[in-house]
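Residue numbers (the working numbering): 1 to 250.
Source of the hints: derived by calculation from the structure; they are not laboratory data. We treat Cβ as the ideally placed atom computed from N, Cα and C, and that holds for glycine. Just so you know, not all the hints are guaranteed correct.
[What the hints assert, rightly or not] Beta-carbon label-pair distances, calculated as ranges:
#	residue 1	residue 2	range
1	Ser112	Trp185	44 to 50 Å
2	Tyr115	Leu188	43 to 49 Å
3	Cys206	Gln69	19 to 25 Å
4	Ser37	Gly64	15 to 21 Å
5	Ser112	Thr214	50 to 56 Å
6	Ala213	Lys89	51 to 57 Å
7	Tyr152	Ser37	22 to 28 Å
8	Phe219	Pro88	51 to 57 Å
9	Glu186	Leu78	19 to 25 Å
[What the hints assert, rightly or not] Straight-line Cα separation of at most 30 Å, BS3-like style, residue types lysine-lysine; simulated pairs:
#	residue 1	residue 2
10	Lys143	Lys39
11	Lys105	Lys119
12	Lys126	Lys155
13	Lys126	Lys141
14	Lys155	Lys190
15	Lys145	Lys190
16	Lys143	Lys169
17	Lys145	Lys39
18	Lys141	Lys39
19	Lys104	Lys87
20	Lys105	Lys87
21	Lys126	Lys145
22	Lys141	Lys76
23	Lys104	Lys76
24	Lys89	Lys76
25	Lys197	Lys141
26	Lys119	Lys104
27	Lys39	Lys169
28	Lys169	Lys76
29	Lys89	Lys109
30	Lys169	Lys190
31	Lys143	Lys76
32	Lys190	Lys39
33	Lys141	Lys169
34	Lys169	Lys155
35	Lys126	Lys169
36	Lys207	Lys141
37	Lys143	Lys89
38	Lys207	Lys190
39	Lys155	Lys109
40	Lys109	Lys87
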Amino acid sequence: MTRRNQSTRGVRGGNRFGGNCQTSGNSQNTKKKEKRSPKYHPSDPDFPYADVTRSLIERIGMEGLEYPQIMISSIKELNEPDWDGLKPKLDLTGQEDEIENEAKKEELKTESVEYHRQKRYWSKAKWHVHSLIMESFVTSKMKDKILQEVDYNEKIEGDPIELLRRINKFMTTSDVTDWEPITLWEVLQKWLNCCQKGNETVIEYCKRFEECATTVLSFMGDSWLDVFASKTTVYHEIENNHPTNGLSDR
Numbered sequence: 001m002t003r004r005n006q007s008t009r010g011v012r013g014g015n016r017f018g019g020n021c022q023t024s025g026n027s028q029n030t031k032k033k034e035k036r037s038p039k040y041h042p043s044d045p046d047f048p049y050a051d052v053t054r055s056l057i058e059r060i061g062m063e064g065l066e067y068p069q070i071m072i073s074s075i076k077e078l079n080e081p082d083w084d085g086l087k088p089k090l091d092l093t094g095q096e097d098e099i100e101n102e103a104k105k106e107e108l109k110t111e112s113v114e115y116h117r118q119k120r121y122w123s124k125a126k127w128h129v130h131s132l133i134m135e136s137f138v139t140s141k142m143k144d145k146i147l148q149e150v151d152y153n154e155k156i157e158g159d160p161i162e163l164l165r166r167i168n169k170f171m172t173t174s175d176v177t178d179w180e181p182i183t184l185w186e187v188l189q190k191w192l193n194c195c196q197k198g199n200e201t202v203i204e205y206c207k208r209f210e211e212c213a214t215t216v217l218s219f220m221g222d223s224w225l226d227v228f229a230s231k232t233t234v235y236h237e238i239e240n241n242h243p244t245n246g247l248s249d250r
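Please model the entire structure based on the sequences and the hints provided.
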């Protein structure tokens, strides 16, 4: 993200409550670098998916994460580590003597500690990398599309691998198909699947539902509502009893 120009009031990194704060040359270089950084874009991207992913991997290598290679491999393969397959197991053939048995058990303990450590750091790194992608490696248009996904809260939030799968899908789809029908379908799907969340009040839910409906109307207009209503039973009953010039008189 591009950093705001610092002023003499309420600045970050300087005198918080006022005073002079100069912008250093390094800060200017950072801004230029950020401006050149490639980003994922939903349609007609300036940079291919592979180029932006390569830039993301380079950035992850400089983030100071524990076990960065695990995250890098997962991003390249678009798959999470097979933690069940990686879990250390005691491998005894039955031919070992007591000393060998104890040695293998100690080795298993050491490997288990390392395994759980890697798994724990992986869980932390997922949130960090997800935020990194959303804030530094996607355009605002792509970010809006991702946040509009019906299952964003359940599957995408906090999961950089699923996030990259969706980004890859959006970029691939936009290269070979007409974008608008897909966008319309996603908007309709989000509206039709709009349910009240457990921590949501009725008022909050109604507001979110109306926002989804407004988005649908912005895509489709409201003439389709007239067509739908004209095919209902109640419409024909009204039409027979009170002939009018159309739905505009209702």
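Evaluated hints:
1. Ser112 to Trp185: 44 to 50 Å: 47 Å, holds
2. Tyr115 to Leu188: 43 to 49 Å: Holds, at about 45 Å.
3. Cys206 to Gln69: 19 to 25 Å: This hint is violated: roughly 48 Å between Cβ atoms.
4. Ser37 to Gly64: 15 to 21 Å: 19 Å, holds
5. Ser112 to Thr214: 50 to 56 Å: This hint holds: roughly 53 Å between Cβ atoms.
6. Ala213 to Lys89: 51 to 57 Å: 54 Å, holds
7. Tyr152 to Ser37: 22 to 28 Å: Because 24 Å falls inside the window, the suggested range holds.
8. Phe219 to Pro88: 51 to 57 Å: 53 Å, holds
9. Glu186 to Leu78: 19 to 25 Å: 21 Å, holds
10. Lys143 to Lys39: With Cα atoms ~11 Å apart, Lys143 and Lys39 stay inside 30 Å; holds.
11. Lys105 to Lys119: Holds, because 21 Å separates the two Cα atoms, which is no more than 30 Å.
12. Lys126 to Lys155: 13 Å, holds
13. Lys126 to Lys141: 23 Å, holds
14. Lys155 to Lys190: At roughly 15 Å apart (the allowed maximum being 30 Å), Lys190 and Lys155 satisfy the hint.
15. Lys145 to Lys190: Distance ~11 Å between Lys145 and Lys190 Cα, so the pair holds.
16. Lys143 to Lys169: Status holds; Cα separation ~14 Å.
17. Lys145 to Lys39: OK: Lys145 and Lys39 at ~14 Å, within 30 Å.
18. Lys141 to Lys39: 11 Å, holds
19. Lys104 to Lys87: Answer holds: Lys104 to Lys87 is near 15 Å, not above 30 Å.
20. Lys105 to Lys87: 14 Å, holds
21. Lys126 to Lys145: 20 Å, holds
22. Lys141 to Lys76: Given pair Lys141, Lys76 holds - Cα atoms ~24 Å apart, limit 30 Å.
23. Lys104 to Lys76: Judged against 30 Å, a Cα distance of about 34 Å means the pair is violated.
24. Lys89 to Lys76: 27 Å, holds
25. Lys197 to Lys141: With Cα atoms ~26 Å apart, Lys197 and Lys141 stay inside 30 Å; holds.
26. Lys119 to Lys104: Roughly 22 Å between the alpha carbons, so the hint for Lys119 and Lys104 holds.
27. Lys39 to Lys169: 15 Å, holds
28. Lys169 to Lys76: Given that 30 Å is the threshold and the Cα spacing comes to 15 Å, the pair holds.
29. Lys89 to Lys109: 10 Å, holds
30. Lys169 to Lys190: With a Cα-Cα distance of about 18 Å, the restraint between Lys169 and Lys190 holds, given a limit of 30 Å.
31. Lys143 to Lys76: Holds, at about 21 Å.
32. Lys190 to Lys39: 25 Å, holds
33. Lys141 to Lys169: Answer holds: Lys141 to Lys169 is near 15 Å, not above 30 Å.
34. Lys169 to Lys155: The hint holds at about 15 Å.
35. Lys126 to Lys169: Distance of about 20 Å is within 30 Å: holds.
36. Lys207 to Lys141: 23 Å, holds
37. Lys143 to Lys89: 42 Å, violated
38. Lys207 to Lys190: Holds: Lys207 and Lys190 sit about 14 Å apart, inside 30 Å.
39. Lys155 to Lys109: This hinted pair is violated, its Cα atoms lying about 33 Å apart.
40. Lys109 to Lys87: Since the Cα atoms of Lys109 and Lys87 sit roughly 11 Å apart, the hinted pair holds (cutoff 30 Å).
When held up to the earlier numbered hints, the structure conflicts with 3, 23, 37, 39 and fits the remainder.
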